[in-house]
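> Sequence:
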Amino acid sequence: MEKSEIVGNLNALFQKRSEFYSFFDKNIKKIHNTEVFDFKNAKDLNAEEVYKLFYHYDYAIRKILPAVYKAYEITNSDLEKDF
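Note that the working numbering has the sequence shown beginning at 1399, numbered continuously upward.
Note that these hints are calculated values from the structure, not bench results. Incorrect hints may have been included.
Stated by the list, open to error - 30 Å max Cα-Cα, derived DSSO-like pairs, lysine-lysine: (1) Lys1479 / Lys1450; (2) Lys1414 / Lys1441; (3) Lys1450 / Lys1468; (4) Lys1468 / Lys1424; (5) Lys1479 / Lys1401; (6) Lys1427 / Lys1479; (7) Lys1461 / Lys1479; (8) Lys1414 / Lys1427; (9) Lys1441 / Lys1427; (10) Lys1461 / Lys1414; (11) Lys1438 / Lys1414.
As the list claims (entries may be wrong) - Cβ pair distances, simulated, as ranges: (12) Ser1475 / Lys1441: 41 to 47 Å; (13) Leu1477 / Leu1408: 16 to 22 Å; (14) Pro1464 / Tyr1419: 23 to 29 Å.
Glycine is no exception: its CB is placed at the ideal position from the N, C-alpha and C atoms.
Please take these sequences and the hints and turn them into a complete structure.
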């Protein structure tokens, strides 16, 4: 994978992460004078919308992983994946 493709994948990952947190910012207030989400007093979230955002974020992560594995010579036997 070329550097430009890796950079593009990283930028996509950062964009999806930002969208995920923007969703939280829009739907969950933070504890006064903190950056901590107040899940205790949060309204119910649309599960389908949460899943959609998570799926796109997860996809962006999975897209960049092969380049990371190759760069650091990581194999499946090195990892403790439960999926």
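> With reference to the structure, classify each hint as holding or not holding.
How the hints compare with the structure:
1. Between Lys1479 and Lys1450, the direct Cα distance comes to roughly 22 Å. Compliance with the 30 Å bound is thereby established for this hinted pair.
2. The hinted pair formed by Lys1414 and Lys1441 meets the criterion: a straight-line CA distance of about 23 Å does not exceed 30 Å.
3. Under the criterion of a C-alpha separation no larger than 30 Å, the hint pairing Lys1450 with Lys1468 is consistent with the structure, at around 29 Å.
4. About 37 Å separates the Cα atoms of Lys1468 and Lys1424, which puts this hinted pair outside 30 Å; it is violated.
5. For the hint linking Lys1479 to Lys1401, the alpha-carbon distance of about 26 Å falls within 30 Å, and the restraint holds.
6. Taken as a hint, the Lys1427 and Lys1479 pair is broken in the structure, with Cα atoms around 33 Å apart against an allowance of 30 Å.
7. The suggested pairing of Lys1461 with Lys1479 holds, with an alpha-carbon distance near 16 Å, which does not exceed 30 Å.
8. With a CA separation close to 20 Å, the supplied pair Lys1414 and Lys1427 stays within the 30 Å bound.
9. For a cut-off of 30 Å, the pair hint linking Lys1441 to Lys1427 stands: about 9 Å separates their Cα positions.
10. Pair hint Lys1461 plus Lys1414 holds up; C-alpha atoms about 12 Å apart against a cutoff of 30 Å.
11. Between Lys1438 and Lys1414 the alpha-carbon distance is near 25 Å, which keeps this suggested pair within the 30 Å criterion.
12. One distance hint, 41 to 47 Å for the beta-carbon pair Ser1475 and Lys1441, holds here, with the actual separation near 44 Å.
13. A hinted range of 16 to 22 Å holds for the C-beta pair Leu1477 and Leu1408, which are about 20 Å apart.
14. Checked against the hint of 23 to 29 Å, the pair Pro1464 and Tyr1419 passes, with Cβ atoms roughly 25 Å apart.
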